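**Q** Sequence order for the protein chains is A and B. Numbering-wise (the UniProt record's numbering), the first sequence opens with residue 1 and increments by one. Numbering-wise (the UniProt record's numbering), the second sequence opens with residue 1 and increments by one.
By construction, these hints were calculated from the structure, which means they are not laboratory data. Since this is a predicted model, take the numbers as computed values, not measurements. One should not assume that every hint holds.
Identical copies carry no separate label here, and so any pair may be met within one copy or between two of them.
To be verified - For lysine to aspartate or glutamate, the following DMTMM-like pairs were computed, each having C-alpha atoms within a straight-line distance of at most 25 Å:
#1 Lys22 / Asp68
#2 Lys71 / Glu51
#3 Lys71 / Glu55
#4 Lys22 / Glu106
#5 Lys71 / Asp5
Number of protein chains: 2
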Amino acid sequence: MNETDYTIEPIGVIRSPLTSRKEAPRQADEGAPEAWLEVFDAVAEGLDGIEVGDEILVLTWLHHGRRDVLKVHPRSRVEASLIGVFATRSPDRPNPVGLHRVSVLEVAGQRLRVAAMEAVDGTPIVDIKAVLRNIDER
Amino acid sequence: MNETDYTIEPIGVIRSPLTSRKEAPRQADEGAPEAWLEVFDAVAEGLDGIEVGDEILVLTWLHHGRRDVLKVHPRSRVEASLIGVFATRSPDRPNPVGLHRVSVLEVAGQRLRVAAMEAVDGTPIVDIKAVLRNIDER
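Let's have the full structure, built from the sequences with the hints guiding it.
**A** If you want it as structure tokens, here you go:
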């Protein structure tokens with residue numbers, strides 16, 4: 001629509017014992033492990049102020065997602081009719097940005113240890129945000 | 001790190017009475033108005049299953065954000081020391097993806113009327129997701 005640059009520059013990467021989408025739980029509350037968020041040097045000072053015990057939102061680039069999928073079977077109702085991906089949290093969607101709410105367990109320089117994270121090892125991190133309790137939990 | 005394509009393809013656009021960042025409230029619970037989410041033809045079937053009364057998450061591309069900012073003054077403490085953007089919800093951040101939780105008031109084809117939305121008119125929409133109450137509100 002104009003000259004806006006829509007290119008994501010990853011700010012870091014997920015380090016996790018999960019190595020394939022197949023073994024990853026579908027959601028964080030289904031047995032997802034701890035993970036490290038490794039933030040790149042160029043943007044590391046953006047972490048200042050994040051502390052152990054904080055709840056944060058992590059946006060990722062779900063690089064194994066399929067971007068050409070618009071309908072999926074709702075979870076646990078495979079026999080049901082297809083529904084639109086925007087009514088779900090499927091990793092398959094036109095812009096494969098994942099949203100994860102995690103707790104900060106440890107801050108080690110530009111690395112954050114968090115729980116629980118269902119994204120696989122090597123997943124690029126797009127953004128980290130504070131939780132706004134009055135809005136995000138309304 | 002590999003051949004991943006990190007380009008966002010907007011799925012739609014915000015239509016709002018807010019026309020400048022200056023008049024937009026900083027957060028949705030500070031007087032933000034209703035808005036329409038206009039989803040483009042090519043991905044409109046991804047909306048199937050979204051109904052009036054649903055709570056949804058809208059990801060936007062905050063095209064007025066500054067991508068070279070890593071530290072900001074915390075809100076209402078301008079005199080305080082700077083903190084990292086990843087500890088805030090500032091629209092200025094390396095990847096200017098906004099996150100908005102809204103209620104669906106009306107579904108009209110590929111347009112959704114929602115409240116409350118603090119993003120300005122013309123803001124590109126990156127994604128729409130279902131709210132997962134057990135995780136997003138933990």
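**Q** All hints are to be evaluated individually against the structure, with a verdict given for each.
**A** Cross-check of the supplied hints:
1. Lys22 / Asp68: The answer is within: 20 Å in one copy meets 25 Å, while 37 Å across copies does not.
2. Lys71 / Glu51: Result: close only across copies, 16 Å inter versus 39 Å intra.
3. Lys71 / Glu55: between (31 Å within a copy, 19 Å between copies)
4. Lys22 / Glu106: neither (28 Å within a copy, 37 Å between copies)
5. Lys71 / Asp5: between (28 Å within a copy, 22 Å between copies)
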